[in-house]
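Student: One-letter residues, chain by chain:
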Amino acid sequence: MPSIARNLEEALAPITDGCLLAIPRESTGAAMAATRALIRRGVRRLSVVVLPTSSLQADLLIGAGCVEALETSAVSLGEFGPAPRFTAAILGGTIGMKDASCPALHAAFQAAEKGVPFMPLRGLIGTDVLKHRPDWKLADNPFGDNDPIVLLPAIKPDVALFHAPMADRNGNVWIGRQRELVTMAHASAKTVVTVEKIVDEDLLADRTLAAGTLPGFYVETVAVAERGAWPLPLPEHYAWDAEHLKEYATLAATEDGFKKYLDQYVYERRAA
Amino acid sequence: MNFRDEELLISVVADLIGDVRHVAVGNASPIPAAAALLARARGNGRPYVSLLGSARHTFWTDGGRELFDCAGQGRIDVFFLSGGEIDGEGNINLVSVGDYDKPAARFPGSFGSSYLYFVVPKVILFRTEHSKRTLVPKVSFISAPGASEPNVERTGGPIALITNRCLFRFDAERRRFVLQSVHPGHTLAEVIVNTGFEFDRPPDVPETPAPSADMLRLLRQAVAPELAEVYPQFAAKVFGLGKSA
Numbered sequence: 000m001p002s003i004a005r006n007l008e009e010a011l012a013p014i015t016d017g018c019l020l021a022i023p024r025e026s027t028g029a030a031m032a033a034t035r036a037l038i039r040r041g042v043r044r045l046s047v048v049v050l051p052t053s054s055l056q057a058d059l060l061i062g063a064g065c066v067e068a069l070e071t072s073a074v075s076l077g078e079f080g081p082a083p084r085f086t087a088a089i090l091g092g093t094i095g096m097k098d099a100s101c102p103a104l105h106a107a108f109q110a111a112e113k114g115v116p117f118m119p120l121r122g123l124i125g126t127d128v129l130k131h132r133p134d135w136k137l138a139d140n141p142f143g144d145n146d147p148i149v150l151l152p153a154i155k156p157d158v159a160l161f162h163a164p165m166a167d168r169n170g171n172v173w174i175g176r177q178r179e180l181v182t183m184a185h186a187s188a189k190t191v192v193t194v195e196k197i198v199d200e201d202l203l204a205d206r207t208l209a210a211g212t213l214p215g216f217y218v219e220t221v222a223v224a225e226r227g228a229w230p231l232p233l234p235e236h237y238a239w240d241a242e243h244l245k246e247y248a249t250l251a252a253t254e255d256g257f258k259k260y261l262d263q264y265v266y267e268r269r270a271a
Numbered sequence: 000m001n002f003r004d005e006e007l008l009i010s011v012v013a014d015l016i017g018d019v020r021h022v023a024v025g026n027a028s029p030i031p032a033a034a035a036l037l038a039r040a041r042g043n044g045r046p047y048v049s050l051l052g053s054a055r056h057t058f059w060t061d062g063g064r065e066l067f068d069c070a071g072q073g074r075i076d077v078f079f080l081s082g083g084e085i086d087g088e089g090n091i092n093l094v095s096v097g098d099y100d101k102p103a104a105r106f107p108g109s110f111g112s113s114y115l116y117f118v119v120p121k122v123i124l125f126r127t128e129h130s131k132r133t134l135v136p137k138v139s140f141i142s143a144p145g146a147s148e149p150n151v152e153r154t155g156g157p158i159a160l161i162t163n164r165c166l167f168r169f170d171a172e173r174r175r176f177v178l179q180s181v182h183p184g185h186t187l188a189e190v191i192v193n194t195g196f197e198f199d200r201p202p203d204v205p206e207t208p209a210p211s212a213d214m215l216r217l218l219r220q221a222v223a224p225e226l227a228e229v230y231p232q233f234a235a236k237v238f239g240l241g242k243s244a
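If you read the sequences in order, they're chains X and S.
If you're matching positions, the first sequence starts at 0 in numbering that gives the first Met the number 0 and goes up one per residue.
If you're matching positions, the second sequence starts at 0 in numbering that gives the first Met the number 0 and goes up one per residue.
Note that these hints are calculated values from the structure, not bench results.
Be aware that a few hints might be false.
[Stated by the list, open to error] The calculated EDC-like cross-link candidates involving lysine to aspartate or glutamate, where the alpha carbons are at most 20 Å apart (straight line), are: (1) X:Lys97 to S:Asp14; (2) X:Lys130 to S:Glu228; (3) X:Lys130 to S:Asp86; (4) X:Lys245 to X:Asp262.
Taking the hints into account, I'd like the entire structure generated from these sequences.
Tutor: Below, the structure written as structure tokens:
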């Protein structure tokens with residue numbers, strides 16, 4: 000039975016130093032209030048795996064020194080420019096990087112949810128992405144004839160963390176169309192979710208809502224964090240805070256500026 | 000009829016798309032998105048257009064993987080890719096410049112290119128900055144190769160490269176770009192000087208045809224308002240739309 004945590008900090012207890020943490024792309028619901036709480040707690044040596052690309056969330060965690068290793072197919076602030084702390088960390092060699100491909104991450108999470116050791120994927124052959132991934136294997140399609148194909152090992156995170164519109168008192172979480180959050184939860188040993196609100200009705204009892212619901216069976220802890228994706232969007236609820244992201248891009252361009260950002264928006268708990 | 004540079008690029012890309020069933024466009028790509036919507040307006044609803052990052056302009060209900068699953072089955076006919084570097088063999092680099100382990104510059108990452116380049120039949124390379132910095136003799140890092148060995152399963156690849164100066168076609172057999180046309184206001188000499196790779200060209204290189212009056216009308220009247228929902232800043236700049244707060 001998932002626990003409905005009294006506060007954010009309590010809900011984040013499963014995310015321990017050194018764990019393999021899965022986070023989603025920003026357009027599906029990034030748990031940003033939780034991310035700020037993790038930075039305040041001083042979490043360290045995280046291995047972060049992104050399904051499949053990140054923006055502010057990965058950049059913040061990297062800049063704040065929480066990340067030891069990162070696997071993703073891209074980190075960028077999109078129209079607000081490059082992700083400055085990610086870029087600095089790669090150029091400075093301060094984090095371990097596994098460059099991936101979006102469909103490879105989707106497939107490797109699917110392997111984990113099926114409980115199989117690997118998933119094959121087309122493409123990749125002849126890329127330097129494959130060349131720098133000794134953990135990806137080139138095999139011959141056993142059903143074909145001289146048909147090389149890449150095998151990707153299953154990704155089994157310790158904890159998945161995301162933000163969603165609502166949960167019920169049984170810890171069932173409504174994710175709507177953002178189905179990759181279900182894959183992420185299935186693949187991970189534990190799932191921690193922040194939500195805009197807790198509702199009284201049973202989400203699985205409503206046929207329309209049930210199809211877009213992650214059963215509490217997969218969920219470890221839930222906490223309410225209103226506007227918990229801010230300054231990133233929550234689909235169909237709120238959009239990017241463009242002004243804030245512009246400010247971040249400007250401040251985070253330098254290490255000093257980034258510290259100012261942390262002081263103002265992370266440590267001071269001014270965030271919405 | 001007068002037109003803006005962006006409108007020329009949109010019309011060229013719409014022609015490259017041709018008559019297909021499904022065009023998908025990545026994030027932060029207003030010109031390819033406008034071209035896909037223009038192709039659909041011209042085709043009376045064909046092709047399907049999927050604009051990534053827009054809930055309204057994607058039909059997907061199975062999460063981020065559905066795009067890649069669609070593509071793997073051949074259900075996406077046209078996609079757009081770019082590169083921090085693009086070389087003369089159609090290799091693209093979205094990762095880093097210099098030695099991978101000690102890079103001189105870092106880009107965001109390969110996104111889905113290492114896969115989509117293999118499985119989408121018509122990949123259109125789109126890079127407005129046409130310089131020796133972007134169009135290089137050889138990329139530092141291959142995010143996705145322009146061509147593959149014969150035994151590698153591959154149903155897709157580049158068909159063209161469009162820049163702010165010109166349009167190249169990709170000759171898959173010879174693994175080389177062929178200069179197809181130079182945009183109005185630009186010259187062949189300028190293209191040669193600013194391209195870091197060798198390419199083929201006919202004895203007389205034509206000028207990229209201007210968009211027709213009908214196409215411009217359709218673009219400005221039907222496509223621009225749709226585009227403004229997804230790319231408000233671009234639509235305001237190019238079409239003077241959606242400026243209201």
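Student: Is Lys130 of chain X within 20 Å of Glu228 of chain S, Cα to Cα?
Tutor: violated, 40 Å
Student: Does Asp86 of chain S lie within 20 Å of Lys130 of chain X when you go C-alpha to C-alpha?
Tutor: holds, 19 Å
Student: Can you confirm whether the C-alpha distance between Lys97 of chain X and Asp14 of chain S stays at or below 20 Å?
Tutor: Distance of about 38 Å is beyond 20 Å: violated.
Student: Is the hinted pair Lys245 of chain X and Asp262 of chain X satisfied, with a Cα-Cα distance of at most 20 Å?
Tutor: holds, 17 Å
The structure does not agree with the numbered hints 1 and 2 stated previously, though it agrees with the rest.
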